[in-house]
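Order-wise, the sequence lines are chains A and B.
The numbering of the first sequence is my numbering, which starts it at 1 and goes up by one.
The numbering of the second sequence is my numbering, which starts it at 1001 and goes up by one.
Calculated directly from the structure, the hints in this document are not laboratory data.
Wrong hints could be hidden among the right ones.
[What the hints assert, rightly or not] Below, computed lysine to aspartate or glutamate pairings styled on EDC-like, alpha-carbon distance capped at 20 Å:
id: 1; chain 1: A; residue 1: K337; chain 2: A; residue 2: D303
id: 2; chain 1: A; residue 1: K337; chain 2: A; residue 2: D306
id: 3; chain 1: B; residue 1: K1093; chain 2: A; residue 2: E74
id: 4; chain 1: A; residue 1: K337; chain 2: A; residue 2: D277
id: 5; chain 1: B; residue 1: K1093; chain 2: B; residue 2: E1164
id: 6; chain 1: B; residue 1: K1093; chain 2: A; residue 2: E244
[Stated by the list, open to error] Some but not every residue of chain A turned toward chain B, in silico, with C-beta under 10 Å:
id: 7; residue: K67
id: 8; residue: Q94
id: 9; residue: R98
id: 10; residue: I99
id: 11; residue: V106
id: 12; residue: V120
id: 13; residue: V121
id: 14; residue: M124
id: 15; residue: L125
id: 16; residue: R129
id: 17; residue: G167
id: 18; residue: A173
Note that the Cβ used here is the ideal one computed from N, Cα and C, for glycine as well.
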Amino acid sequence: MSETTTNPHGIAEGHPDQRPMIVLEGVSKTYPGQTIPAVAELDLAVPRGSIVMLVGPSGCGKTTTLKMMNRLIEPTTGRILLDGEDVTGVNADQLRRRIGYVIQQVGLFPHFTVGENIAVVPRMLGWDRQRIRQRVDELLELVGLHPREFRDRYPRQLSGGQQQRVGVARALAADPPVMLMDEPFGAIDPVTRERLHDEFLEIQRTVRKTICFVTHDLQEAIKLGDHIAIFTAGGRLAQYDTPEGILSRPANDFVAEFVGSGAAVRRLHLIALSTLDLDEIATGSSPTAAALVTVPLSGSVYDAVDAMLDAQTSVVAVVDDDGQAVGALRWNTLVEKLQLRGLHP
Amino acid sequence: MSVGGVPGLITVSRRRKGMRSYADLLSTPLIVLLGGAAVALWVSTRTLDDIEARALQPSAILSDLGQHLILTAYSTLFVIVIAVPLGILLSRKGARRIRNVVLAVGGFAQALPPYGVLVLIAFAPAPFGFNPFSVIMGLVAAALLPVLRNTVVGLRQVDPALIEAARGMGMSGRATLFRVELPLAVPVMMAGIRVALVLNVGTAVLATFVGGGGLGSLIVRAQTLNRPIVLVTAGAIVAALALMVDWLAGVAERLVRARTS
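Just chain A, same shape as in the assembly (with noise of 0.2 Å):
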């Protein structure tokens, strides 16, 4: 999880322009014949560049907010600021032109070809065949899928993780500064899912879009967010906060709640192993490197004491991408190093 520690893009730093690229300002949708409005009087600001994970139980409003940032859904009162502008006013198409929209089912049309759906947005922008043949290839070759091999294929030639890249790459068409993304990982298989996750992370690393995300999944919401909204039913926020700010100083009882009691062992993926004082590995003694379990430096402190649990050992060697051992954690440290850094349950 070096992306949450070691991230150089923080909002804090680096970035000319402070402002968030989305903000809501007292936003509430009361859907037509209830009474209990499903967001209300919402107040939320996504910085730029960051991704904002919008998580909480079934009906807690968040794919509504999400929604109400590209009015698929038009609040009932407030605004919304993208990028500055009030676009509550605005021509509705005409500003969803300008955000990438990822949904769980995907929602490629299966008439079209994978290339031909990648194109919907900038055809409709007047981009010339030229350019948009580019753009398709250029994404392609982004969401790690072989531009010959794919471009002309339809939909159902496709698999379920291969159809969601298309989708990201669809989204990403018209290079928007802004991303929202309905539990676009939902319906994959646990395997795909992870791989897809870290490559997600690996194009953000590149495009550095605004992104809003829903998920009803606080482990994806951990690993993926820079910022975590926790919504409770009404719509009602009940923490905004970093991954790390939920799981060590969860704001209320439904908060503390909702993360459960696992919240001690998740905060383990957010401590990069790079960022530990390890252990030198003792040379002649026993046991020696060699035969030391190995995990990357890459890893988080969860992977550490996943890979001693499974081993049924005390000490693991830290190794970096070559597979050269950088140091040794040890079981018992390990356990100070986290009390000193006051991340202990």
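Given chain A, put chain B in place with the hints provided.
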């Protein structure tokens, strides 16, 4: 990667399915051809009297056939022009209330016996009367429902996620209808149009009773003249026409389906 093998597999299975469907496609013309040859052979072995020879003149038959095809074509065209836009309107969310009412009225129109409708229309004031226009309107009433219902069903079975994706990308409602919903509904709509076409070919036989002409005239002539050989020939032509029209519509439907799904 295993994915590399998939396109090959798909092509193979598609080709196999294609071969099977070619066999399907050939069976109807083959039956029509064999049946037609048998009737022609039978007629040729008989010596025809003057009346029979005149009734079976190619020019006379072709003229009836031509009228019949024109009646069928116009009535089907009017059905499409009326039922497709109406079906589109009824498939919209706002039309939820009136949808079932209109479909019920369409079902009512279809349930009426076409002969009775034709006679009633023929006695209605101008522009109705004993003329082809009345016939076409009668046929339209009888064949409207399949196209209307299939347009509504075809549009409503489009995955809502596709519509959400289209709108979410900034497609207007109209663009979503024309670029996403209609192309995906076309196979179902085509099936309805095929039913309407076949209904119209059959019902157009009744046109002769209200001054509409068509192959019904040949049948009526054969009956009044009491010439079984003409009657059999006329019946065979009507049957062959219905089968071939259904076949052509089936081919068109299949082509459309192959292109959109």
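Against the structure, the hints come out as follows:
Pair hint K337/A plus D303/A holds up; C-alpha atoms about 16 Å apart against a cutoff of 20 Å. Using a Cα cut-off of 20 Å, the hinted pair K337/A and D306/A holds, with the two alpha carbons roughly 17 Å apart. For a cut-off of 20 Å, the pair hint linking K1093/B to E74/A stands: about 17 Å separates their Cα positions. Restraint check for K337/A and D277/A: the C-alpha separation of about 9 Å stays at or below 20 Å, so the hint holds.
Taken as a hint, the K1093/B and E1164/B pair is honoured in the structure, with Cα atoms around 14 Å apart against an allowance of 20 Å. As the CA atoms of K1093/B and E244/A are separated by approximately 45 Å, the hinted pair breaks the 20 Å bound. Interface hint at K67/A: satisfied, since its Cβ lies 8 Å from the closest Cβ of chain B, which is below the 10 Å cut-off. With 10 Å as the threshold, the beta carbon of Q94/A comes within range of chain B, its nearest partner Cβ sitting at about 7 Å, so the hint holds.
At about 8 Å, the closest approach between the beta carbon of R98/A and any beta carbon in chain B falls short of 10 Å, and the interface hint on this residue holds. With a cut of 10 Å, the hint placing I99/A at the interface with chain B holds, because the nearest CB-to-CB distance is about 8 Å. About 8 Å separates the beta-carbon of V106/A from the nearest beta-carbon of chain B, less than 10 Å, and the hint is met. For the restraint placing V120/A at the interface with chain B, the shortest Cβ-Cβ distance is roughly 6 Å, inside the 10 Å limit, so the hint holds.
With a least beta-carbon distance of about 5 Å to chain B, the hint placing V121/A at the interface is held under the 10 Å criterion. Interface hint status for M124/A: upheld, as the beta-carbon distance to the closest one in chain B is roughly 6 Å, under 10 Å. Interface restraint check: L125/A against chain B, minimum CB-CB distance 9 Å, threshold 10 Å, status holds. A distance limit of 10 Å between C-beta atoms decides the matter here; for R129/A the minimum to chain B is near 18 Å, and the interface restraint is violated.
At its closest, the beta carbon of G167/A sits 8 Å from a beta carbon of chain B; the interface hint therefore holds under the 10 Å criterion. Interface restraint check: A173/A against chain B, minimum CB-CB distance 9 Å, threshold 10 Å, status holds.
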